[in-house]
Amino acid sequence: MEPSRRPTDGRYGDNPNRLQQFHQFQVILKPAPLDIQQLYVDSLVAMGTNPDEHDIRFVEDDWESPTLGAWGLGWQVWLDGLEISQFTYFQQVGGIDCSPISGELTYGLERIAMYLQDVDDVYDLEYANGIKYGELFKRNEWEWSTYNFERADVALHFRHFDEYEAECRRLMGLSEKKGKGNALIWDEADPLQRLVLPAYDCVVKCSHLFNVLDARGAISVTERQRFIGRVRHIARGVSEAWLAQREALGFPLVKEARS
Amino acid sequence: MSAETFLLEIGVEELPSSFVASALGAMPALFGAELDNARIDHGAIRALGTPRRLTLLVEGLAERQADLAEKVSGPPKAAAFEEDGTPKKGAIGFAKKLGIPVEALTIEDTDKGPYVFGRRDEPGAPVAEVLPELLARFFGRIPFPKSMRWGDGHIAFGRPVHWVVCLRGGAVVDAELAGVKAGRASRGHRFLSPAGFDLDHADAYVERLREARVLVDPAERERVMLERLEAAAAQAGGAMIEDAFLVGENLSMVEEPHVICGTFDAAFLELPDEVSIGVMRGHQRYFALRDAAGKLLPRYLAVVNTDRSPEIIIRGNDRVLRARLADARFFVEEDRERGLEAMAPQLDQVVFQAKLGSVGERARRLMEAVADDPVAKEAARLCKADLVSLIVGEFPELQGQMGRFYAERSGVDLEVARAIEEHYLPRGAGDGVPTTASAARLAVAERADALVGCFGIGLVPSGSADPFALRRATLGVIRVALEGPIDVDVRATLAAAHAAYEAQAKPVGARDEVLQALDEFFRGRLRAHFAAELPGDVVDACLGAWAGGSVRDLRARLDALDAFRGLPAYEALAVAFKRAYNIAKDVPPGDVDAALLTEPAEQALAERWRSVGARVEEHAAAGHYQEALTLVAEELREPIDRFFEEVFVMVEDEAVRTNRLRLLGSIARTLTAIAHFHLLSA
Chain D
1 MEPSRRPTDG
11 RYGDNPNRLQ
21 QFHQFQVILK
31 PAPLDIQQLY
41 VDSLVAMGTN
51 PDEHDIRFVE
61 DDWESPTLGA
71 WGLGWQVWLD
81 GLEISQFTYF
91 QQVGGIDCSP
101 ISGELTYGLE
111 RIAMYLQDVD
121 DVYDLEYANG
131 IKYGELFKRN
141 EWEWSTYNFE
151 RADVALHFRH
161 FDEYEAECRR
171 LMGLSEKKGK
181 GNALIWDEAD
191 PLQRLVLPAY
201 DCVVKCSHLF
211 NVLDARGAIS
221 VTERQRFIGR
231 VRHIARGVSE
241 AWLAQREALG
251 FPLVKEARS
Chain U
1 MSAETFLLEI
11 GVEELPSSFV
21 ASALGAMPAL
31 FGAELDNARI
41 DHGAIRALGT
51 PRRLTLLVEG
61 LAERQADLAE
71 KVSGPPKAAA
81 FEEDGTPKKG
91 AIGFAKKLGI
101 PVEALTIEDT
111 DKGPYVFGRR
121 DEPGAPVAEV
131 LPELLARFFG
141 RIPFPKSMRW
151 GDGHIAFGRP
161 VHWVVCLRGG
171 AVVDAELAGV
181 KAGRASRGHR
191 FLSPAGFDLD
201 HADAYVERLR
211 EARVLVDPAE
221 RERVMLERLE
231 AAAAQAGGAM
241 IEDAFLVGEN
251 LSMVEEPHVI
261 CGTFDAAFLE
271 LPDEVSIGVM
281 RGHQRYFALR
291 DAAGKLLPRY
301 LAVVNTDRSP
311 EIIIRGNDRV
321 LRARLADARF
331 FVEEDRERGL
341 EAMAPQLDQV
351 VFQAKLGSVG
361 ERARRLMEAV
371 ADDPVAKEAA
381 RLCKADLVSL
391 IVGEFPELQG
401 QMGRFYAERS
411 GVDLEVARAI
421 EEHYLPRGAG
431 DGVPTTASAA
441 RLAVAERADA
451 LVGCFGIGLV
461 PSGSADPFAL
471 RRATLGVIRV
481 ALEGPIDVDV
491 RATLAAAHAA
501 YEAQAKPVGA
511 RDEVLQALDE
521 FFRGRLRAHF
531 AAELPGDVVD
541 ACLGAWAGGS
551 VRDLRARLDA
561 LDAFRGLPAY
571 EALAVAFKRA
581 YNIAKDVPPG
591 DVDAALLTEP
601 AEQALAERWR
611 SVGARVEEHA
621 AAGHYQEALT
631 LVAEELREPI
641 DRFFEEVFVM
651 VEDEAVRTNR
661 LRLLGSIART
671 LTAIAHFHLL
681 SA
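Those sequence lines, one after another, are chains D and U.
Letter 79 of the first sequence, counting from 1, is numbered 79 in the working numbering, and no numbers are missing.
Letter 671 of the second sequence, counting from 1, is numbered 671 in the working numbering, and no numbers are missing.
Among the hints, a few may not be true.
Said to hold, decoys possible - Which residues of chain U face chain D? A partial, calculated answer using Cβ under 10 Å:
1) Leu15
2) Pro16
3) Ser17
4) Arg64
5) Asn317
6) Asp318
7) Val433
8) Tyr581
9) Ile583
10) Val587
Unchecked claim - Over the 12 Å line for every Cβ pair with chain U, so calculated as not near, a few chain D residues:
11) Arg11
12) Pro51
13) Gly81
14) Pro252
None of these hints come from the bench; they were simulated from the model.
Just so it is clear, CB atoms sit at the ideal spot from N, CA and C, and this is done for glycine as well.
Construct all of the structure, not just a fragment, from the sequences and the given hints.
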């Protein structure tokens, strides 16, 4: 279960359908079993929805994160016209081809709860016994919308972006320079000396700082590409470092012989 | 040898509509080529399919390959055998290629001398033996806009493959595609007929799937879907807004089409129709409905993949649409509160092109370019402002329409508002052109700005690459000039656009070079545009005489020359003009000396030209090319024919010769200024 934050989607709590923070139930199946679609349909039954009484459709919707160099193909799943899930077969992460291919199911919890509780306004959802979603999150939306659009300290965010980017590279021993064909250059040659997981945290922080700066209107269209490129660079670094580290450890989670 | 129907069904996870279209479009030709290559006789090939299956049905597939029996021509005898008949490399290699012994080669005399021949005879194998490899190759060639990998990631296809049915008649063809062994077990509709079933015979395929709640033939599925849509629309008291995109999308999202009719709150009808329709169409793939008077109804049609519990499904869809429309209304209200006036300055933050600056700067250039027309100038200031509106962010295709809506609602002059919308016209082939002079001026200036900017920094279209749609922009200018309320002076318009860039100190290169390159570019597009209705040499003849200014002037030349070609005098005159042009083109111009005209035929021609030439030139100068050419046809045919029959031009006497050439040159120059007759092919 993950909170998903999209600063530019903030609406100060005024819009009944759009939030700068909502919640996703994410399921990763690696490798994706061949019957993953049926498993998904069965999960709707578990949710209290009888698929035989509804119009369920798999509608093309590919997923891409340019900052993370990740993309996949798949669908949004419609339940009577309502997009309730995102279904993705991951093809690349950090610019590296995935093998095996994972399947990711993302359930939009607010959407699904609105559907199950039959309400039109997200803030009218019953979050727990007698407590409305609005009572918990409406002020939250207003504060974060105000922060993201109006009050966030731009200079501080730019500085933090630079610092976490540098921290990320330092933790991995990744050079600022790039080699031929944009190849990564490693100052730290030993994969086991690189702190990949803390470095990954730095990537996520940079990505979010970028989103806040974007919502704040502080990044021009031309600079945008450059910032995306910087995040992608360290995201690639983390991905390659992770792969190298797992390889050095002998891929401990891969139990069967790789063909 | 018995021929049987062949069936291949590839069962997949839901394919996007563009994937189904691309695969089904290519499959018959791909498979036909494979069969022909393999010498397998067959009848008609059809591709059928739904989001969950891609199917080939081939009539009359032979049981065996045809026998191969052909005589193949090899190298010349001299290159293949020694004098004494010993085979050289040429003969050995050729025999090896055919798979026959060298002794089986024969020598035959041909037009080019003696050549080596060999026979290739190969009995056909049963198709059951040939098909597995053929099918695997065919499978790998089915095209998709994007392929994906799944499982252990070794195979790529449009979507994961779950089952394969492959039958020739009633027999399973032993094949394996994407690691799935072919059999006779197919599957029906995912929800309406989930149990799998065995197919006894390929001929039963379409019918058996119909029973399993799948209309596998797209034509049948479309017919059924449209019937149901029309019936539902009639029942709701309206008619669907026709939309080929929606038909295609919906058709490829269902295996058995059913239609529900939902309702939304009539209060949402206050939104501009384009927005409501955009929400229904873009987000939900719904068909909007209009009543007999053309007014939008608060109803919609949705194509669904089931006929069960329609009331539950309608309720769900109603709710989704309500939320979507509320979202759109929120955007429109926010936008109106902010107002177009406040949006315009934000265009300075939107990049038009890295070297050419912001959209705000572009808007100011457009204001400069149309400064003489106050309505167009005010529209130029506001015409791009809706690009930063929330609603256009959500529905980019509403650019212009929303600008006009916001402008009208905030009291902007209605003609300005109209120009804001219409300056995008024509958006493509089949679209209308601006209806007012101001809108047309702005539309032309907008395209000229893009053309000069892109050419100025070297972004010139090449081959199929035209990322800034400059060809379309050029065609837009041409169509506005020909079909719209005002003519366009191409060179002056482009020069004004260049001046506006220079005033902003943009790096768009030297004026004359850019205009020269664009003159050539325009001529290319004009040629392509008019070649659709007129012969290429006629277009070239007029383009040659056209100075690159008024588009309607070029049109007038083309019409005049086309009409002239229909006159009985045309052929003779065209030949005479060409002759006159060719022999006189190197003669320096000068007055014809009447005293040197000795032959009666040249005197007659000179006299006629004296009385007619000035009038022809006057007509031409006024752009009345048809009158000019009619006059020529009426007055010149007889004397010029007689001149060429009776007068020998290239006489020894230089003075007489030059005088005659000057007479012809004078006629040729006047006519060449109308159209380059010497470029006409006949």
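Against the structure, the hints:
Among the interface hints, the one on Leu15 of chain U holds; its C-beta lies about 8 Å from the nearest C-beta in chain D, closer than the 10 Å criterion. The beta carbon of Pro16 of chain U comes within 3 Å of a beta carbon in chain D, closer than 10 Å, and the hint placing it at the interface holds. For Ser17 of chain U, the shortest C-beta to C-beta distance to chain D is roughly 7 Å, which falls under 10 Å, so the interface hint holds. This hint is violated: Arg64 of chain U has a C-beta 36 Å from the nearest C-beta of chain D, more than the 10 Å allowed.
A hinted interface residue such as Asn317 of chain U counts as satisfied when its beta carbon comes closer than 10 Å to some beta carbon of chain D; here the least separation is about 4 Å, so the hint holds. With 10 Å as the threshold, the beta carbon of Asp318 of chain U comes within range of chain D, its nearest partner Cβ sitting at about 9 Å, so the hint holds. Violation of the interface hint for Val433 of chain U is found here, the shortest Cβ-Cβ separation to chain D being roughly 31 Å, above the 10 Å cut-off. Interface hint status for Tyr581 of chain U: violated, as the beta-carbon distance to the closest one in chain D is roughly 55 Å, over 10 Å.
For Ile583 of chain U, the interface hint is violated, the least distance from its beta-carbon to any beta-carbon of chain D being 62 Å, above 10 Å. Hint on Val587 of chain U is violated. Least Cβ distance to chain D is approximately 60 Å, over the 10 Å limit. Some Cβ of chain U comes within 12 Å of the Cβ of Arg11 of chain D; the nearest lies about 7 Å off, and the non-interface call is violated. Distance to chain U contradicts Pro51 of chain D as a non-interface residue, since its nearest Cβ pair spans about 6 Å, not more than 12 Å.
Interface exclusion of Gly81 of chain D from chain U breaks down, the closest Cβ pair being 4 Å apart, not more than 12 Å. With a least CB separation of 19 Å from chain U, Pro252 of chain D remains clear of the 12 Å interface cut-off, as annotated.
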